[in-house]
Amino acid sequence: MNRVLPYPLLTAALLLTWLLLTSFSPGQFLLGAVIAVAASRAMAALQPSKPRLRRWQFIPRLAGIVALDILRSNMAVASIILGGRRRDRVAGFVAIPLDLRDKTGLAVLACIVTSTPGTAWIEYAHDTGVLLIHVLDLVDKDEWIALIKNRYEASLMEIFE
Amino acid sequence: MTHAMDLPAWAAVLTALLVVLGAGLTLLGAIGTLQFGSFFERVHAPTLGTSWGTGAIVLASIVCFSALGLRPVVHELLIGVFITATTPVTLMLLARAALYRDRTEGDANVPPRSLLRSPGGSLSRDRSSDGPGESPSRDPQTPEVRPMTPI
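Listed in order, the protein sequences are those of chains A and B.
Those letters in the first sequence? Residues 1 to 161, by the UniProt record's numbering.
Those letters in the second sequence? Residues 1 to 151, by the UniProt record's numbering.
Think of the hints as simulated: they come from the structure by calculation, not from any bench.
It cannot be assumed that every hint is accurate.
Here chain A is said to cover these stretches of chain B; the calculated rule only asks that three of the stretch's residues, wherever they fall, bring their Cβ under 8 Å from a Cβ of chain A [to be verified]:
hint, region
1, 25-34
2, 64-78
3, 95-106
Using N, Cα and C, we set each Cβ at its ideal position, and we do this for glycine too.
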């Protein structure tokens with residue numbers, strides 16, 4: 001199993017992508033399977049760290065929370081842009097000490113922070129685990145630290161660590 | 001070209017709403033990019049286009065072609081997945097380049113690198129240790145080699 005399929009999740013994802021982009025037929029399934037297995041074995045040559053999904057059942061909940069949060073901050077940033085410069089809005093940096101160390105978890109957190117308008121992932125220090133984000137509408141630093149840590153980091157640590 | 005006649009009314013209305021929402025958010029993102037004053041503020045605006053700007057148009061496409069074809073069409077979701085997964089790469093490259101530029105210029109608006117060294121944010125201690133000819137290995141704030149090894 002490990003020799004033939006070093007990255008079963010990657011192989012499954014590639015096959016699913018292939019089927020979505022073509023059509024669900026036995027021929028395409030076979031072709032897609034061959035390509036997915038070949039590609040994931042090529043990936044093994046790069047020796048990426050293997051992500052471990054400990055509790056994947058939390059993923060849909062996190063995805064739902066994130067989608068709603070992103071929609072809400074879309075509206076918030078849109079109203080800032082529409083409101084022009086009248087409001088005395090303060091933008092600023094927030095340093096967040098993270099406990100999450102899993103690389104895949106950090107990558108997902110980067111996707112979440114980046115996809116949310118109003119927050120941008122700026123810098124991360126591997127040795128101390130401190131993350132620097134930039135917030136467009138900064139009212140309370142501690143609120144942002146609590147938001148990232150409780151809302152996203154806790155879920156990601158449950159999933160990946 | 002036009003299959004619009006075959007589209008049921010509910011799907012047409014939903015598609016139209018979603019397309020307008022997505023296009024509107026993307027337009028606002030573009031306006032914001034022009035409007036904001038500094039690099040780190042401007043970097044937020046295009047995110048409107050890459051999050052629900054894309055998301056709403058992808059949903060509109062799914063609704064429209066699923067209703068036309070009478071079967072679920074979901075491969076558009078891949079567009080959303082790829083955009084979400086690739087945006088951070090560009091953003092981080094740009095942000096770190098800007099951060100490096102501002103720090104080199106001594107811009108007081110960006111936090112110093114030492115802020116990330118001490119989670120408590122005790123900047124004064126770090127500054128005092130930043131003497132000329134400092135060697136990173138001697139820095140009292142970064143003696144940690146151990147966390148790199150698996151626990």
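TODO: Against the earlier hints, flag every one the structure doesn't satisfy and list their numbers going up.
DONE: none
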